[in-house]
Amino acid sequence: MSGIAVVVVILMSAGAARKVNAQGPRVIDITAKRYGFTPSTITLKKGETVTLRLHSEDVVHGFFSRPLKLDETIEPGKTAEVTITPQTVGTFQTICDHFCGAGHGSMSMTIVVE
Amino acid sequence: MKDVDRRGFLRVAGMSIGIGALYRTLPAAAMTGSANEMLTALGKKSGEKVAPFTFVQMSDTHVGFQGPPNPLGTKAFEQAVAKVNALPQRPDLVLFTGDLTHDSEDKDVHAARMKRFREIARNIKADKIVYVPGENDAGLDGGALFRENFGETYYSLDHKGVHFVALDNVSRAKPEVGKEQLDWLEKDLRRFSKATPIVVFTHRPLFDLKPEWEWFTSDGDEVTNILNRYDNVTVLYGHIHRDNEHHDGHTAHYGARSLIFGFPDPQKGPEKKPFAFDKEHPFAHLGIRSLDERPGEELRKDEIELTLREMSGVNGVQQMLRNPKI
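Taken in sequence, the protein lines are chains A and B.
Residues in the first sequence are numbered consecutively from 1, following my numbering.
Residues in the second sequence are numbered consecutively from 1, following my numbering.
Hints listed in this document are in silico derivations from the structure and should not be mistaken for laboratory results.
Some hints here could point you the wrong way.
What the hints assert, rightly or not - A partial selection of chain B residues facing chain A, derived with a Cβ cut-off under 8 Å:
id, residue
1, Ala82
2, Asp103
3, Ser104
4, Asp106
5, Asp108
6, Glu135
7, Gly139
8, Leu140
9, Ala173
10, Lys174
11, Pro211
12, Glu212
13, Glu214
14, Asn228
The C-beta atom is built at its ideal place from N, Cα and C for all residues, glycine as well.
Please work from the sequences and hints to get the whole structure.
Printed below as a string of structure tokens:
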């Protein structure tokens, strides 16, 4: 019985992953590395639900924007995900708010909502 | 006492340095009998003996910083120390509001910068010098190097009827004070009456000044909610490298200029980009600020830019004594 259960879980997991990619929110990968984010600008549509998948290539970084209600911690070797549906058109700065070194103060990226 | 009299004596004060502001809790005590009368009444109200004294705030020295905005390095800091030592009245206290050093990822380099900061700061002639860290001092090691050099990152002290509180909003991973410190703050202030003058000194602003430039504290509202239970609270902070004044309930917040480079007005400039170095005015946008008690007089010509601002620096004191309810 337990063997069957394991097989079922794996199938469901794989199926769910494919389903998200095919029909779920658009996924945007963002990499944090001292002292910037790649890509440095992303463009979203108002009302569009998007998953931001966050990675760090070196140390712990933050991903913070008060107007977009983003406040994530990005640990190296792990993936942080946040799903947002922006409702306001505009240009927003997202910053690293975990002090990560001497250039930390200028580490930001731009999210354009149109 | 009539309001106009109170404003009259509070307007009189010395220099505002850096900020470096020289705050005089009882300006020109001898000038009017009403000044003494007011402080005596305040002391009775607060249960603390209030006596005149002066203190200076200095901020954001960033010892070790090298870059185009300031090829002179710590020259402004060294000059500010000389200015403080040349004041006609030796300050009782000097408060440093963080970013004593510019961070380095090399621990030895960072330690050497802290040592250099101490070498310069130890020349200050003041009865007591107190510090809080900035994120450049404590952001990468949780405050370990700061504690080795200066002790705890948050604490409080009483001085002649004014309660000073050092708050640390940089040592945690996020820009926050944290629950443990909030609990401590509540307990620390509990013994004081509502009228007690309280001066909080910290690095980051406790309110949302410009979050996208990291000019905020995540749980700043919780701090201010505690502070607003008291009538006479002044918060002095650094981090933003420019003048700023903000009022929230009973609490007045004053931003300080840096001693290394200045930042533009966030309401006018889209970028958090330091002012460029100006050979003609190498210390423009840095402290030292001057308060002149004779408004209208020409600016003093000095190597360090001096700004005439009638109420500069004294506003904090005015705020401290704003609601003595006497």
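Outcome of the hint check:
1. Nearest Cβ of chain A to the Cβ of Ala82/B: about 28 Å, over the 8 Å cut. The hint is violated.
2. Because the smallest distance between the Cβ of Asp103/B and any Cβ of chain A comes to about 5 Å, under 8 Å, the interface hint for this residue holds.
3. Given the 8 Å rule on beta carbons, the hint for Ser104/B holds: about 6 Å separates it from the nearest Cβ of chain A.
4. Hint on Asp106/B is violated. Least Cβ distance to chain A is approximately 10 Å, over the 8 Å limit.
5. Interface restraint check for Asp108/B: the shortest CB-CB distance to chain A comes to about 15 Å, outside 8 Å, so the restraint is violated.
6. Because the closest C-beta pair between Glu135/B and chain A is about 4 Å apart, less than 8 Å, the hint holds.
7. Given the 8 Å rule on beta carbons, the hint for Gly139/B holds: about 3 Å separates it from the nearest Cβ of chain A.
8. Interface restraint check for Leu140/B: the shortest CB-CB distance to chain A comes to about 6 Å, inside 8 Å, so the restraint holds.
9. Here the hint on Ala173/B is kept, as its CB sits about 5 Å from the closest CB of chain A, short of 8 Å.
10. Evaluation of the Lys174/B hint against chain A yields a held restraint, the C-beta minimum of about 6 Å falling below 8 Å.
11. Evaluation of the Pro211/B hint against chain A yields a held restraint, the C-beta minimum of about 4 Å falling below 8 Å.
12. Hint on Glu212/B holds. Least Cβ distance to chain A is approximately 4 Å, under the 8 Å limit.
13. Of the supplied interface hints, the one on Glu214/B holds, with its beta-carbon coming within about 6 Å of a beta-carbon of chain A, less than 8 Å.
14. Hint status for Asn228/B relative to chain A: violated, with the closest Cβ pair at about 22 Å, above 8 Å.
The structure fails to meet hints 1, 4, 5, 14 from the earlier list, while all remaining hints are met.
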